[in-house]
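Novice: Residue numbers (our numbering), protein chains in the order written: chain A, 1 to 249; chain B, 1 to 213; chain C, 1 to 470.
Heads up, some of the hints might be wrong.
[Claimed, not checked] To give a feel for the contact side, a few chain B residues facing chain C, derived at Cβ under 7 Å:
id: 1; residue: Arg-15
id: 2; residue: Leu-75
id: 3; residue: Gln-172
id: 4; residue: Ile-175
id: 5; residue: Ser-179
id: 6; residue: Leu-183
id: 7; residue: Ser-188
id: 8; residue: Ile-196
[As the list claims (entries may be wrong)] Covered stretches of chain A, going by a simulated chain C footprint (3 or more residues, C-beta under 8 Å):
id: 9; segment: 70 to 77
id: 10; segment: 106 to 120
id: 11; segment: 175 to 183
Quick caveat, the hints were computed from the structure, so don't treat them as lab data.
For glycine and all other residues, C-beta sits at the position ideal for the given N, C-alpha and C.
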Amino acid sequence: MNRKVALFVPCFIDQALPQAAIDTVTVLRRVGWDVIFPEDQTCCGQPGFNTGHWETALPCAERFVRVFSDYEYIVCPSGSCTSMVRKHYPELLASSPSHDEAVAVGKRVYEFAEFLVRIAGVTDVGASFPHSVAYHPSCHATRELGIYAEPLELLRAVRDIDLRPLPNEAECCGFGGMFSTKFGMISAAMGDTKAVNIELSGAEFVTAIDPSCLMHLSGVFGATGRKSKTIYLAGVLASSSAATAGARE
Amino acid sequence: METSKSSARENILARIRAANARPHPAPPPVAPLDAIFPPITNPRQRFLDECAGNLTEVFQTTDAAASAEALETILSTVPAGQVYVQDDASLFPFVALLEQWRRVRMSSQGAPAESTQATLTLAHGFVAQTGSVLTSSACGGRGASIVPPCHIVYGRGEQIVPNIAAALARVQAEIPGASYVGLITGSSRTADIEKILVQGAHGPRRLVIILEG
Amino acid sequence: MSTAAQEFLRKAVIKSADLEHRATIQRAVTSYDAAVAKGKLRFADWEAARTLCAAIKADAIANLAQYLTEFEQHVTSRGGHVHWAENAEQANDYVVEVAKARNVKTVVKSKSMVTEEIHLAAALQKIGVTVWETDLGEFIVQLRNEPPYHIVTPAMHLSRYQIADLFRDKLGENVEDADPVRLVAAARVALRRAFFSAEMGISGANFLVADSGMVAISTNEGNGRLTTSIPRIHVVVTGIEKIIPRMSDLAALWPVLATSGTGQPITTYSTLVRGPRTASEPDGPEEFHVVLVDNGRTGLLANPETEEVLKCIRCGACLNICPIFKQVGGHTYGTIYPGPIGSIYTPRTAGLSEWGHLSYACSLCTACKGVCPVKIDLPKQLLGTRRDFIAAGNVKPAERVGFAAFRWAAADPARFRLLAWMGRKALAAVNALGLSGTALDPMRVWTKYRSPMTLPKQSFREWWRENGNK
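For reference, chain A alone in the conformation it holds in the complex (with noise of 0.2 Å):
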């Protein structure tokens, strides 16, 4: 019997990007793990918070909160939803009833990588990517959440990829949420220096475990004319013949 894992598909995802969260599925089943999606949810709250907008934030997390109690894994396709949930919730749960069960649920949130390598324990599933490939370590999930070795540990098993070093990779890509509106010329230019980085790694594709930092890279290439690609690590996971990569987000 298959263990289950419930899948939190953050609200951008599930509207802008859903390939990142079909090629999550594919992953975790190919791993053996049953997915449930629970379909009561909405957003994590999120969008709110970052913009200081904490009381539509709060009842997003007390929804969350609900909608995910009963589950013993819960896995998100993306780095600062998950900070969200695991990092922020307690602060601005402070006075909310639901306050012990959002650091309870935070235990049991985790980024997709993460899953993999800690819980499921799996470092090969099986992909075949045979293109060079950079790793942007995004800022939530290495700084907030301190996963960075793992979606390494994970690109490596891949089979013919050929992983590229990042120049300056620590540096934001200039996505930030409301940021990249609200202070979009500042976003497009800390995207283009991240874009010659990329450029200057030698990479056919960029990849990273934030869809979202991913596609505002891929509209700074476009804006640019630039050849580089993105492609979210569930999908270069999800790949298992050359025939099948492509500039997927």
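Given chain A's structure and the hints, the job is docking chains B and C onto it.
Specialist: Frame of chain A; chains B and C shown alone:
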């Protein structure tokens, strides 16, 4: 003016005290300094290495005669002009020497002139951790270590202390009266132009130590 | 939107597109990063050093009244004067009064961000006093009539050629090849005259030491030494938060400040001033004044959430790591303190509604948190500032409506699906009409700088309903 001065003071302190009155969380445990900095097993060698790194010139001598020779060598590279000397008995032998080649002004005569080419002073200690000289206004005043293009310090090997902590302890214990105390680490420098390090900004371009014994 | 916010956006547009500026800052930061990496190797345990310095400053702030009065008592017992100033006006009035009473015509200043904050130079110039900035970077921006670009390296945005041109124009000094060594020498000569003719030297303070009443001043150039040694009056202008409990605390703070500030083991001149010259000393100022400036600091202290901001030792590390600072530079902020610390400090002390936009000019990458040597949780402070900015009513109508709609939708998955579906259909219509990227495109805020996103045929939920359970 007095009234408003004291009321500003009282207002500020009142606001601070109101804030300080609330309970504060206990701070996390802290490591002692000797866990934070690596131990210094050979202070003299460390001092010499640091000086090489921060461009302090060090002349190591064995006795007074060798020190006098070192001073002569140093002076030969200092442009013509007045030398200012800390008025301390242990420097008198050098004064006699200096007067052979230069006009000498003693610190007891007043501040160093703007055109002074070099000063000669003692120090309270030398810090191995950073290659620094511990000085104060008791070592010939404030200007002696900052006005001239060349500052010469005469000291003894036994004055070397391992680290900044030891130097500060010495300040509290031994230099109670001086109005001005300082650690000088190398020559004056700036990187304000394109982050390029240039020596000799406003202070001395050269810091030279005659380390005897 | 406040005027300051509009100005920020206007300047940000210009600077974000300025690739030469970007390259200049990148070079400076790369040099800094290499020096700091080397500097940290001198510590057996850098993280423990941060924890210790954070604890020292936390103790200082939590017991501020006690330490400040201890400091004051030591200073006055040795003939120094301590003046408490609630605001910029009181601080400037005091210094101006001293200058008038003592017939001061020329002032030399070493670097002090507080004096910029209160606009002291302007107050002195108004009574006819000539003020010379003696820190080389400050001297350069003073000649250019512009504010400092960075709290540690004020002229970081300029090339040697620009500085050579400046010296030719303003000092009549022609330096061949813009050689930095000759440029520094030219500045030294010009400022020498000032040092030796000034009646008053004004300095800041890096630390105020409570147990011995000493003022700690760190410089590399020696300008701080000359400012506080030659003129007959020495005035220290300092924020009240610069206090530390003990002299022995400097054994940690001096190396940590230098490492975070420039990557050095310690700054060249690490000085402790006790007061005016004593009777047995050959030189030094006859008068010593310390002006303790509040100017909003007690406000930060009164709020338990923002108290930790007062731990800041002004090292500049958070500026150097901030990816936003590296794109827009120090002049875009329009404040004395730019970067992460400035984006918290300014709204909190100079007006939340006017300056709160700065707390949003941040992608929340949290890199600043990792480099702050006194462990201020800068991202948490930025988020808190945003929250208070909104709570104070600073919401644009469109944003208010948007978030109300979002809150309504997020309360129920059916509503959520509906609103999202409507959004996708509207966007598809915009694209079909060829309006993508134009002023009528609701996604214009996105597409102004990025190629438009391809809309998926189905949301994940829709896919799951069709395929999920296979």
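Novice: Hint by hint, say whether it matches the structure.
Specialist: Hint-by-hint comparison with the structure:
1. Among the interface hints, the one on Arg-15(B) holds; its C-beta lies about 4 Å from the nearest C-beta in chain C, closer than the 7 Å criterion.
2. Against a cut-off of 7 Å between C-beta atoms, the interface hint on Leu-75(B) is violated, since the closest Cβ of chain C lies about 22 Å away.
3. Because the beta carbon of Gln-172(B) sits about 6 Å from the nearest beta carbon in chain C, less than 7 Å, this interface hint is met.
4. A distance limit of 7 Å between C-beta atoms decides the matter here; for Ile-175(B) the minimum to chain C is near 9 Å, and the interface restraint is violated.
5. A cut of 7 Å between beta carbons decides the hint on Ser-179(B): the least distance to chain C is about 5 Å, and the hint holds.
6. Annotation: interface hint on Leu-183(B) holds; nearest CB of chain C at approximately 4 Å, less than 7 Å.
7. The closest approach between the C-beta of Ser-188(B) and any C-beta of chain C is roughly 4 Å, which is under the 7 Å cut-off, so the hint is satisfied.
8. Of the supplied interface hints, the one on Ile-196(B) holds, with its beta-carbon coming within about 5 Å of a beta-carbon of chain C, less than 7 Å.
9. Counting residues of the segment 70 to 77 of chain A whose C-beta lies closer than 8 Å to any C-beta of chain C gives 0; at least three are required, and the coverage claim is violated.
10. For the segment 106 to 120 of chain A, the assignment as covered by chain C is violated, since 0 residues bring a beta-carbon within under 8 Å of that chain's beta-carbons and 3 are needed.
11. Counting residues of the segment 175 to 183 of chain A whose C-beta sits closer than 8 Å to any C-beta of chain C gives 9, which meets the bar of three, so the coverage hint holds.
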